[in-house]
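Residue numbers (this note's numbering), protein chains in the order written: chain A, 1 to 322; chain B, 1 to 322.
No lab work stands behind these hints: they were computed from the structure.
Nothing here was measured: the structure is a model prediction, and the numbers come from that model.
Keep in mind that a hint or two might mislead.
As the list claims (entries may be wrong) - Per the computed footprint, the stretches of chain A lying under chain B, defined by three or more beta-carbons under 8 Å from a beta-carbon of chain B, are:
#, stretch
1, 27-35
2, 71-80
What the hints assert, rightly or not - Interface residues of chain A toward chain B, partial, derived using beta-carbon atoms under 8 Å:
#, residue
3, TRP67
4, LEU229
5, LEU271
6, LEU278
7, ARG301
8, ARG302
9, GLY310
To be verified - Cβ-Cβ distance ranges computed for the label pairs, FRET-style:
#, chain 1, residue 1, chain 2, residue 2, range
10, A, ARG301, B, GLY300, 16 to 26 Å
11, B, GLN251, A, GLN294, 20 to 30 Å
12, B, LEU314, A, HIS34, 13 to 23 Å
13, A, LEU39, B, GLU135, 50 to 60 Å
Even for Gly, the Cβ is constructed at its ideal location relative to N, Cα and C.
Protein chains: 2
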Amino acid sequence: MPPAATPLPDFAAVEAAAARIAPHAQRTPMLRSHSLDALAGSQLYFKCENLQRAGAFKFRGACNAVWALPQALAARGVVTHSSGNHGAALALAARTRGIAAHVVVPTGAVAAKLAAIEAAGATLHRCAATLAAREAMCEAVRADTGATLVHPYADAQVIAGQGTAALELLREVGTLDAIVVPVGGGGLAAGSAIAAHGIDADIEVHGAEPAGAADAAQSLQRGARIDRLTPNTLCDGLRALLGEINFRLLQAHRVQVSTLEDRATLAAMRLLWERLKLVVEPSSAIALAAVLAQPERFRGRRVGIILSGGNVDLAALFAAYG
Amino acid sequence: MPPAATPLPDFAAVEAAAARIAPHAQRTPMLRSHSLDALAGSQLYFKCENLQRAGAFKFRGACNAVWALPQALAARGVVTHSSGNHGAALALAARTRGIAAHVVVPTGAVAAKLAAIEAAGATLHRCAATLAAREAMCEAVRADTGATLVHPYADAQVIAGQGTAALELLREVGTLDAIVVPVGGGGLAAGSAIAAHGIDADIEVHGAEPAGAADAAQSLQRGARIDRLTPNTLCDGLRALLGEINFRLLQAHRVQVSTLEDRATLAAMRLLWERLKLVVEPSSAIALAAVLAQPERFRGRRVGIILSGGNVDLAALFAAYG
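Turn these sequences into a full structure, and let the hints steer you where they fit.
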């Protein structure tokens with residue numbers, strides 16, 4: 001017998017998440033830019049999740065997952081494997097509820113990121129840098145502590161939480177013709193699609209994916225999820241494989257995914273730093289790159305862009321300042 | 001007979017400016033940071049003027065000056081000498097009213113800044129890089145066109161316009177114990193003091209000035225304005241001499257000015273990029289540096305910080321990305 005299908009989150013779950021995380025998450029600003037509008041030939045509405053707590057939209061999903069747990073379960077803590085934005089977000093979310101967070105990190109992870117996760121109060125568990133080792137270590141922590149696994153993206157509560165960014169954006173600006181988001185594991189893309197279509201079924205939801213990690217585009221094209229990927233992109237937040245539940249949601253919501261070379265993403269990142277004065281990471285800038293690469297598709301339309309995060313290693317720049 | 005004293009702007013002028021610029025200026029967001037609060041031991045309220053149009057608070061003053069002109073005078077345009085943020089701000093402000101802007105720029109000015117001023121529709125007038133040459137060229141443009149001079153800071157309408165940032169901040173967050181702003185020519189400092197004391201006479205107004213351009217601190221200390229300065233600081237927005245009218249306002253409002261080494265300013269700038277995810281220029285970061293340098297002074301208090309601008313040359317960083 002196949003395992004029971006995970007129930008898919010719906011618009012009510014996104015609205016519940018919005019209420020649940022409101023006391024803890026930042027209501028991030030929406031910014032506009034005359035010069036970027038002129039460049040794109042569109043009206044762009046930027047939702048600044050780089051200004052979210054812990055520097056990325058990931059806090060929304062982690063926070064929703066943490067606060068959705070029944071008290072008895074929550075008391076035993078949460079665990080995940082992520083050395084990136086989700087690890088830091090879960091650590092911080094756990095702290096808002098006063099529970100333990102365990103983060104499994106591979107050897108060789110960036111020291112600054114690990115320090116941020118520890119600073120947020122999580123316990124680090126080191127393991128070898130393979131998926132098998134990470135999953136084994138997660139399982140060991142669960143067996144040992146009773147902590148609940150909070151997956152970075154293939155989790156209904158995480159997806160519902162990520163959808164609250166698009167929900168806030170749409171409630172602030174009224175309707176949009178399209179909304180464009182980066183695609184990695186598909187948590188943000190799936191959540192955004194649920195939120196958008198809960199408000200207006202005609203909003204187009206576009207995903208932007210690195211050409212060097214284009215499994216979502218290929219999976220949707222062939223109608224079956226690719227489960228193997230050797231990513232080659234500097235968008236470090238978008239190297240994950242699309243999750244299974246995420247794949248089903250992107251299919252159901254007819255999300256269109258376009259692929260971008262890193263060169264185009266970096267050019268968009270520079271524009272965002274210069275024109276919006278925001279520190280965004282490459283994995284964020286790819287959404288603007290997708291709009292600029294398809295001017296005929298977005299011309300004259302109202303387009304929401306979710307700037308997903310701003311966690312960049314600034315050492316190089318500040319070295320230049322001496 | 002000495003020249004008649006320029007009338008000083010008052011709180012009513014700041015309120016009038018706020019109404020006048022409202023259709024054109026960005027209502028910039030206020031941001032907070034748990035980690036910066038912890039570092040400072042204070043509650044910090046950051047007013048993000050780096051997100052203002054043209055990337056700096058300067059647009060407020062320029063816009064107020066442009067729209068305060070009677071129509072007949074406005075039709076003949078405006079002129080200033082500034083290759084920095086004020087030049088770009090005045091060019092953009094003039095465009096919002098559909099009038100000509102003339103910007104006198106010294107030879108050797110940064111090409112990217114000149115391109116930005118021209119892109120906003122201004123006419124550039126090049127001259128030698130001395131104050132005498134700039135003033136002579138300004139005078140020639142005025143004689144030729146009838147354009148009105150809009151000084152970067154020693155101007156009542158400019159000062160009133162700059163005060164609208166503090167006004168917005170105070171109206172958003174309620175009262176503050178102190179407000180901290182960078183000091184160059186003193187337009188922002190004077191306007192902020194007028195706005196703050198129009199709302200609550202007990203708010204302390206602090207200025208932050210580079211140790212390598214400390215004429216405001218020295219002028220206030222000795223009770224007479226220093227009119228000579230050889231600046232040595234990388235805070236390129238703070239190299240100007242305090243204006244005469246600005247000096248009188250800072251005296252009247254008991255503005256306290258502290259001086260910071262560039263090293264401390266750069267450390268604060270890095271914190272702002274990393275923790276607030278904002279691109280701010282060194283001339284902005286100096287205000288946070290002043291708070292961090294005086295923990296006993298600000299501990300436990302509600303402190304407003306005006307992040308004045310975000311116009312930084314990003315070439316070095318993006319070179320590092322390849």
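Structure-based check of each hint:
no.	hint	result
1	27-35	holds (count 3)
2	71-80	violated (count 0)
3	TRP67	violated (18 Å)
4	LEU229	violated (23 Å)
5	LEU271	violated (10 Å)
6	LEU278	holds (6 Å)
7	ARG301	violated (23 Å)
8	ARG302	violated (19 Å)
9	GLY310	holds (4 Å)
10	A:ARG301 - B:GLY300: 16 to 26 Å	violated (49 Å)
11	B:GLN251 - A:GLN294: 20 to 30 Å	violated (58 Å)
12	B:LEU314 - A:HIS34: 13 to 23 Å	holds (19 Å)
13	A:LEU39 - B:GLU135: 50 to 60 Å	violated (37 Å)
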